[in-house]
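Asker: Chains as they are written, first to last, in the numbering used here: chain A, 1 to 371; chain B, 1 to 152; chain C, 1 to 358; chain D, 1 to 158.
Hints may contain errors.
Quick list of in silico lysine-lysine cross-link-like pairs, DSS-like style, CA-CA up to 30 Å [said to hold, decoys possible]: (1) A:Lys294 to D:Lys88; (2) B:Lys141 to A:Lys301; (3) A:Lys176 to D:Lys32; (4) D:Lys99 to A:Lys292; (5) C:Lys155 to A:Lys40; (6) A:Lys298 to D:Lys127; (7) A:Lys271 to A:Lys203; (8) D:Lys99 to A:Lys298; (9) A:Lys203 to C:Lys155; (10) B:Lys85 to A:Lys301; (11) A:Lys301 to B:Lys7; (12) D:Lys47 to A:Lys178; (13) B:Lys83 to A:Lys237; (14) A:Lys294 to D:Lys84; (15) B:Lys88 to A:Lys301; (16) A:Lys55 to A:Lys294; (17) D:Lys84 to D:Lys103; (18) B:Lys9 to B:Lys85; (19) D:Lys84 to A:Lys55; (20) A:Lys351 to D:Lys8; (21) A:Lys40 to C:Lys335; (22) A:Lys351 to A:Lys41.
Computed footprint of chain A on chain C; a stretch qualifies when at least three of its residues, placed anywhere within it, have a C-beta under 8 Å from a C-beta of chain A [said to hold, decoys possible]: (23) 237-243; (24) 326-336.
Calculated directly from the structure, the hints in this document are not laboratory data. Nothing here was measured: the structure is a model prediction, and the numbers come from that model. Glycine residues also receive a C-beta, built at the ideal position from the N, C-alpha and C atoms.
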Amino acid sequence: MVEEIGTTQDGDLIINVGPQHPATHGVLHLVITLHGETIKKVEPHLGYIHRSIEKMCESLTYRQFIYVTSRMDYLSSHINNHGCALLVERAMQIEVPARAQVIRVLMDELTRIASHELWWGAMAMDLGAFTPFFHAFREREMINEIMEDTCGARLTMNYMVPGGVQEDIHPDFVRKVKEFIALFKRKVDEYDEMVTDNIIFRKRMENVGVISAADAISYGLSGPSLRGSGVSCDVRKYYPYDVYNQVQFEEIIETGGDSLARYMVRIREMKQSISIIEQLLDGIPDGDFCAKTKAVIKLPKGEFYQRVETARGELGIYVVSEGATTPYRIKFRSPGFSNLSALDHMARGSKIGDLVAMMGTLDLVIPDIDR
Amino acid sequence: MSNEELKAKLSELIPTATFEEGGEWTTLLIEPKALMEVMPLMRNDVAFNMDYLFCLTAVDWKTHITMVYHLTSTTYRHNLVIKSKLDKSKPEIETVCLIWRSAEFLEREVYELFGVNFINHPDLRLLILPDGWEGKNPLLKDFDDPINMIKL
Amino acid sequence: MWSISKIASLVHEWLSNTFSATWVTVFEMVIAGVLVISLFAVLGLILVMMERKVSAWIQIRLGPNRVGPKGMFQSAADTVKLLVKEGMTPNGADKLLFNVAPFLAIVVSMLLMAPLAFAKDFTLWDINIGVLYVSAISSVSVISILMAGWASNNKYSLMGAMRSGAQIVSYELSAGLSIMAIVVLTGSLNFNDIILSQADGWWIFKGHLPIWIAFIVFLIAVTAETNRAPFDLAEAESELTAGFHTEYSGMKFALFFLAEYVNVFIVCAIGATLFLGGWMPFHIGHWDGFNHIMDFIPSSLWFFGKTFFLIFLIMWFRWSFPRLRIDQLLNLEWKYLLPISMVNILLVTAMAILKWHF
Amino acid sequence: MYLVNYIKEVLSALRSLLIGMRRTLFYFTHHKEIITEQYPDNRATLKLADRFKGEVVMPHNENNEHRCTGCTACELACPNGTIKVITKFDITPEGKKKKAIDKLVYHLELCTMCNLCVYACPSDAIKMAQTFEHSVFDRNQLTKVLNFPDSKIMDGVE
Numbered sequence: 001m002v003e004e005i006g007t008t009q010d011g012d013l014i015i016n017v018g019p020q021h022p023a024t025h026g027v028l029h030l031v032i033t034l035h036g037e038t039i040k041k042v043e044p045h046l047g048y049i050h051r052s053i054e055k056m057c058e059s060l061t062y063r064q065f066i067y068v069t070s071r072m073d074y075l076s077s078h079i080n081n082h083g084c085a086l087l088v089e090r091a092m093q094i095e096v097p098a099r100a101q102v103i104r105v106l107m108d109e110l111t112r113i114a115s116h117e118l119w120w121g122a123m124a125m126d127l128g129a130f131t132p133f134f135h136a137f138r139e140r141e142m143i144n145e146i147m148e149d150t151c152g153a154r155l156t157m158n159y160m161v162p163g164g165v166q167e168d169i170h171p172d173f174v175r176k177v178k179e180f181i182a183l184f185k186r187k188v189d190e191y192d193e194m195v196t197d198n199i200i201f202r203k204r205m206e207n208v209g210v211i212s213a214a215d216a217i218s219y220g221l222s223g224p225s226l227r228g229s230g231v232s233c234d235v236r237k238y239y240p241y242d243v244y245n246q247v248q249f250e251e252i253i254e255t256g257g258d259s260l261a262r263y264m265v266r267i268r269e270m271k272q273s274i275s276i277i278e279q280l281l282d283g284i285p286d287g288d289f290c291a292k293t294k295a296v297i298k299l300p301k302g303e304f305y306q307r308v309e310t311a312r313g314e315l316g317i318y319v320v321s322e323g324a325t326t327p328y329r330i331k332f333r334s335p336g337f338s339n340l341s342a343l344d345h346m347a348r349g350s351k352i353g354d355l356v357a358m359m360g361t362l363d364l365v366i367p368d369i370d371r
Numbered sequence: 001m002s003n004e005e006l007k008a009k010l011s012e013l014i015p016t017a018t019f020e021e022g023g024e025w026t027t028l029l030i031e032p033k034a035l036m037e038v039m040p041l042m043r044n045d046v047a048f049n050m051d052y053l054f055c056l057t058a059v060d061w062k063t064h065i066t067m068v069y070h071l072t073s074t075t076y077r078h079n080l081v082i083k084s085k086l087d088k089s090k091p092e093i094e095t096v097c098l099i100w101r102s103a104e105f106l107e108r109e110v111y112e113l114f115g116v117n118f119i120n121h122p123d124l125r126l127l128i129l130p131d132g133w134e135g136k137n138p139l140l141k142d143f144d145d146p147i148n149m150i151k152l
Numbered sequence: 001m002w003s004i005s006k007i008a009s010l011v012h013e014w015l016s017n018t019f020s021a022t023w024v025t026v027f028e029m030v031i032a033g034v035l036v037i038s039l040f041a042v043l044g045l046i047l048v049m050m051e052r053k054v055s056a057w058i059q060i061r062l063g064p065n066r067v068g069p070k071g072m073f074q075s076a077a078d079t080v081k082l083l084v085k086e087g088m089t090p091n092g093a094d095k096l097l098f099n100v101a102p103f104l105a106i107v108v109s110m111l112l113m114a115p116l117a118f119a120k121d122f123t124l125w126d127i128n129i130g131v132l133y134v135s136a137i138s139s140v141s142v143i144s145i146l147m148a149g150w151a152s153n154n155k156y157s158l159m160g161a162m163r164s165g166a167q168i169v170s171y172e173l174s175a176g177l178s179i180m181a182i183v184v185l186t187g188s189l190n191f192n193d194i195i196l197s198q199a200d201g202w203w204i205f206k207g208h209l210p211i212w213i214a215f216i217v218f219l220i221a222v223t224a225e226t227n228r229a230p231f232d233l234a235e236a237e238s239e240l241t242a243g244f245h246t247e248y249s250g251m252k253f254a255l256f257f258l259a260e261y262v263n264v265f266i267v268c269a270i271g272a273t274l275f276l277g278g279w280m281p282f283h284i285g286h287w288d289g290f291n292h293i294m295d296f297i298p299s300s301l302w303f304f305g306k307t308f309f310l311i312f313l314i315m316w317f318r319w320s321f322p323r324l325r326i327d328q329l330l331n332l333e334w335k336y337l338l339p340i341s342m343v344n345i346l347l348v349t350a351m352a353i354l355k356w357h358f
Numbered sequence: 001m002y003l004v005n006y007i008k009e010v011l012s013a014l015r016s017l018l019i020g021m022r023r024t025l026f027y028f029t030h031h032k033e034i035i036t037e038q039y040p041d042n043r044a045t046l047k048l049a050d051r052f053k054g055e056v057v058m059p060h061n062e063n064n065e066h067r068c069t070g071c072t073a074c075e076l077a078c079p080n081g082t083i084k085v086i087t088k089f090d091i092t093p094e095g096k097k098k099k100a101i102d103k104l105v106y107h108l109e110l111c112t113m114c115n116l117c118v119y120a121c122p123s124d125a126i127k128m129a130q131t132f133e134h135s136v137f138d139r140n141q142l143t144k145v146l147n148f149p150d151s152k153i154m155d156g157v158e
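Can you build the whole structure from these sequences, using the hints too?
Answerer: Structure, rendered in structure tokens:
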């Protein structure tokens, strides 16, 4: 809507934030109406990185379509892959070996930490503090190296396959994860010193982007964004998959509904993920890392829905199968898409600097929104 | 409520209700015209309290388009799927975005990818496709991408 | 021993012996001008390099290490790059104002350099109202930012300029009041008098708590006045891409960049002069022996040492803190800094009258 | 009371800022914490993970033999059409016709390193190499033939 850019009759400014903008971390395009410094309206324009993954998947087999999902929410690619693998396994009634289940959950939680780590650094950078970004990358790099050892990739893993995982974990895996946990526990307090307790940061986050529980549910928020409004919604608790029902962890809920609450949820979630990893790490059962599956997977006719908890919220995979080797229709309910839709509601009436804090705490990943 | 309880309660409230079997959740089939009778009921009835619309999409069945609504309740944690068949030549249905705000974006997405017209939608514009997009809606089955690299 | 003032008087002597009085003045002005400009260039290079190294070490990086030994010539290479870049003027911009703005910024910082005492008996222009002159001229810099923002025909630039206007005008107050604290104690607006009054100890040590408060308020206020993080709302890259210099490129951008760093140097030099004794070596009361040893260190080293320490402090702020929001920025000034410095100036005045300071 | 709160607020704010500054000063003075890797300089010592997925290669032994039977499992497994198997018929010494590969064409520019071809290969003929510096000046150089010229299938691989 480039023609509309300009000034409204009330003297309000209409400006583009994005698709090339330092705060959008990607190609998000927001058209915002400003009255001075105050935001009157936020209008997202999407599609700059739309690859129509749903259409692509219609011509890919059930083994092949998993790799595309790594490219949706690239920060939680393991979890996306996991969801797809779970869907195929449930539809085909494949029994997954215990070892594979544990490995998958370990990978999921490592991914979650890595994703929150990046989010923390990028959000602090949006608020003007550059240093945390580099400090966050130090820890994230360790996770990336662990991933690289086992999966051979750092971002788009394609490690989970229907029936288990592609390869067994690397012999160094347990040792490296333990090293990481030891380092992370020391460094996570520094995060509080540098960012969380900082008075400027607190003032930037408190009472910014407040969304009530009812509104958050109505807007379809999920994951840490919804839990920041005090709604319990963890898929790992309510619809546990793999070994999530065998580990003890707390679902983090904050009741503030503002940016600080969402921030605290993610920071505390990292610590919960560490506890999940610690519980599983020493008792990885022996056995196969992948079940025997047929070379050609044909899903039975019907509809399947699988949800998983990614770092950003609830990812839903809806598959309509006609009994062929490829899905007839596939729909990814991406958490970012719904989270973004609440941005306008949150941002109205706040300052332009607050928009950055809101976008940061909603943790928008643009390929996840566009798919 | 379990699936059976849901089904019983639903057929009690909506005498004309038909159900689709085979899915993991209760699947209710309704006429597009009846949408505005059923949806507010689902949202507001204390027994259902389906306050969370977590997925809204459409499926192109070549002869018709099916709208699929996935509902859940954050209090009872029961899930319900509501389906409605639309005419392929003129797909039209009432919007639900006044009941669940998340539907606003999801319906805009369905509008551009399937060409379904949502009546009374406050802001039915292209969201993903570029402005001035002409041609078929991309997720329809007869849409042919001239440069599809991965089609073997 | 060689000192800057000695060299200056030697040059003056030679010129007076060779030329007539009028030509001496002309030559001396030209030499001073060339020196200021070259100091500018050198300061720009050093400060940019310093900022990059400080930020790198804080951010567990190495920083520039490719051009020259330990990357020392990186900023020189950047300057060459900026010089050969095309300087574009956007369509619809007010061409005159757009092109004049960066030069105004640089001229203002050059003017500010005049009354500074770089070493013992070495001042470009020793005027008796130096402090007043500095506070008056430094507020002109906001005009160049407003010009740049308005003339760019870009909404981001305009918003950045407006923010910057509100910010600099507000923070001028508390910066002025904290400078006043020293003026009250010394009773002079001349920089050299202020430095000489610290011969038996710097004001920061002599002045008890009120001067500490004034010093902290001064640091915060000048950080805001020079548009440095955490008060860099005029450029706030995550909100306004680059604020008032969004549309600038090439050398015109470089001039803004240079002016920012030189401004930082100047405010730190003023801070060092007022609170840390300028070129005055570290003296303790009447310990004449100790004071004499300290005098062996050249006065220019003392001056630059103190100034660079303050510059490091300001860089340290930048790489530690998030940015404030515009309303919080103004709240901080009007609800905290201004009342505090007003009460503080009362305390200082009482202290000066009752002679409580050392 | 208001004044006391005011002063407390200012002091606690200053304290939080000083704590943050202490942390950054720690890193400013502790250069051992620096984690920068100077990439092109450390090429000699750079060690990539042994499973790193850089590109698909076909290992040959010293007799110029590979293990590929030309079954096209990799071609079918590939989601992007990266691999094309061109087969021919060899005449075995007994006079029988035998299917073998003529060329295994690999388009590196299309490859997403998803490992599905290696996973699908029944005879372990292809694997992932740890190279990662793939930039070339001509895009055509990215289309590679994986089997060496005049290479043969290893004995005993069916």
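Asker: For each hint, tell me whether it holds in the structure or not.
Answerer: Going through the hints against the structure:
no.: 1; hint: A:Lys294 to D:Lys88; in the structure: holds, 28 Å
no.: 2; hint: B:Lys141 to A:Lys301; in the structure: holds, 18 Å
no.: 3; hint: A:Lys176 to D:Lys32; in the structure: holds, 21 Å
no.: 4; hint: D:Lys99 to A:Lys292; in the structure: holds, 28 Å
no.: 5; hint: C:Lys155 to A:Lys40; in the structure: holds, 16 Å
no.: 6; hint: A:Lys298 to D:Lys127; in the structure: holds, 27 Å
no.: 7; hint: A:Lys271 to A:Lys203; in the structure: holds, 24 Å
no.: 8; hint: D:Lys99 to A:Lys298; in the structure: holds, 29 Å
no.: 9; hint: A:Lys203 to C:Lys155; in the structure: holds, 26 Å
no.: 10; hint: B:Lys85 to A:Lys301; in the structure: holds, 19 Å
no.: 11; hint: A:Lys301 to B:Lys7; in the structure: holds, 22 Å
no.: 12; hint: D:Lys47 to A:Lys178; in the structure: holds, 21 Å
no.: 13; hint: B:Lys83 to A:Lys237; in the structure: holds, 28 Å
no.: 14; hint: A:Lys294 to D:Lys84; in the structure: holds, 23 Å
no.: 15; hint: B:Lys88 to A:Lys301; in the structure: holds, 23 Å
no.: 16; hint: A:Lys55 to A:Lys294; in the structure: holds, 25 Å
no.: 17; hint: D:Lys84 to D:Lys103; in the structure: holds, 8 Å
no.: 18; hint: B:Lys9 to B:Lys85; in the structure: holds, 23 Å
no.: 19; hint: D:Lys84 to A:Lys55; in the structure: holds, 24 Å
no.: 20; hint: A:Lys351 to D:Lys8; in the structure: holds, 28 Å
no.: 21; hint: A:Lys40 to C:Lys335; in the structure: holds, 27 Å
no.: 22; hint: A:Lys351 to A:Lys41; in the structure: holds, 11 Å
no.: 23; hint: 237-243; in the structure: holds (count 5)
no.: 24; hint: 326-336; in the structure: holds (count 3)
Hint check: no violations occur; every hint is consistent with the structure.
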